[in-house]
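Asks: What follows is each chain in one-letter form.
Number of protein chains: 2
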Amino acid sequence: MEGCMFCKILKREIPATIVYEDEISLAFRDISPKAPTHILVIPKKHIRTVVEVKEEDNSLLGHLIYVANGIAKKEGISEKGFRLVINCGLESGQSVWHIHIHLLGGRKMTWPPG
Amino acid sequence: MEGCMFCKILKREIPATIVYEDEISLAFRDISPKAPTHILVIPKKHIRTVVEVKEEDNSLLGHLIYVANGIAKKEGISEKGFRLVINCGLESGQSVWHIHIHLLGGRKMTWPPG
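Those sequence lines, one after another, are chains A and B.
Using my numbering, you'd call the opening residue of the first sequence number 1 and step up by one each time.
Using my numbering, you'd call the opening residue of the second sequence number 1 and step up by one each time.
Among the hints, a few may not be true.
Put simply, identical chains are the same to the list, so a pair is met inside one copy or across any two.
Below, a list of computed lysine to aspartate or glutamate pairs in the EDC-like style, where the Cα atoms sit at most 20 angstroms apart [to be verified]:
hint, residue 1, residue 2
1, Lys44, Glu55
2, Lys34, Glu21
3, Lys73, Glu56
4, Lys80, Glu13
5, Lys73, Glu55
6, Lys11, Glu75
7, Lys11, Glu56
8, Lys108, Glu91
By construction, these hints were calculated from the structure, which means they are not laboratory data.
Since we're looking at a predicted model, the values are computed, not measured.
Here chain A stands alone, though its shape is the one from the complex (with noise of 0.2 angstroms):
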C-alpha cells in the first residue's frame, strides 16, 4: 500500500533490522524500544487494523503470534516471559495503519498495561 511504512520496510524502501521473516510475516526491531527487546511482527499482507481482519485470515493471525513466539526463543526470552500487544484504533495509540504485534521483554512488565 503506497504511503505505508510498514510496506516500504518490506520492500526494503525503508530500512529496519529485520530479525525474521517467511512467506507471509516480517519481524524487525522497534525504532523506539520500550523493552531490551521490542519487536515488531507484521503480516505482509496490507491489513489497516485487527478490526478489519476476516474470519478466514484467523491463522494469520496466529502465525504472527506463533512467529513472535519463535523470536522470542532466540532472544533468550521465551521461559523469563514477554508480553504481547496489538493496537487497534486511535485511542489505543495505534499510530502505524498496518497491522503488527508488539513482542517485549528482557525487564519485568508493569501492570496496568498502559
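Given chain A's structure and the hints, the job is docking chain B onto it.
Replies: For chain B alone, kept in the frame of chain A given last:
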C-alpha cells in the same frame, strides 16, 4: 485442568460475568478492570501459555482475536480503539496459567504498555 481458575469458570464452578461463549472460547469481564471495558478471552482448551501453542493451533489464537473483535464491536469501542494484550511467563505478569487475551478499551491507552 484441576486447580485452574479459568477452567473452573468454564465449568461454572466459579462465578464470572460472561459476555460471550462459543464451542472453542469463552469471554468474561476481568475481576480487576483496568479500563472501562476490560474483558478476558480464553480458549476452552487448557493451554498454559502462548509458548506452548503448537503450530496446528494457530487458528485457535486467531479465533480468540476474532472473538475479541466482535466483543469490541458490541461494547462500542471498535471504532475508537482498543488494546489486546497477551502475557506469557512470569516477567510479563502472567498470573493465571491458562491462555487469555486481555481486551482493554473505553479510555485512551498510554505507552509504553506496562
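Asks: All hints, please: hold or fail.
Replies: Cross-check of the supplied hints:
no.: 1; hint: Lys44 - Glu55; result: both (18 angstroms within a copy, 19 angstroms between copies)
no.: 2; hint: Lys34 - Glu21; result: neither (22 angstroms within a copy, 35 angstroms between copies)
no.: 3; hint: Lys73 - Glu56; result: between (28 angstroms within a copy, 18 angstroms between copies)
no.: 4; hint: Lys80 - Glu13; result: neither (35 angstroms within a copy, 31 angstroms between copies)
no.: 5; hint: Lys73 - Glu55; result: between (29 angstroms within a copy, 15 angstroms between copies)
no.: 6; hint: Lys11 - Glu75; result: neither (25 angstroms within a copy, 37 angstroms between copies)
no.: 7; hint: Lys11 - Glu56; result: neither (25 angstroms within a copy, 29 angstroms between copies)
no.: 8; hint: Lys108 - Glu91; result: between (25 angstroms within a copy, 5 angstroms between copies)
Of the numbered hints stated above, those contradicted by the structure are hints 2, 4, 6 and 7, listed in ascending order.
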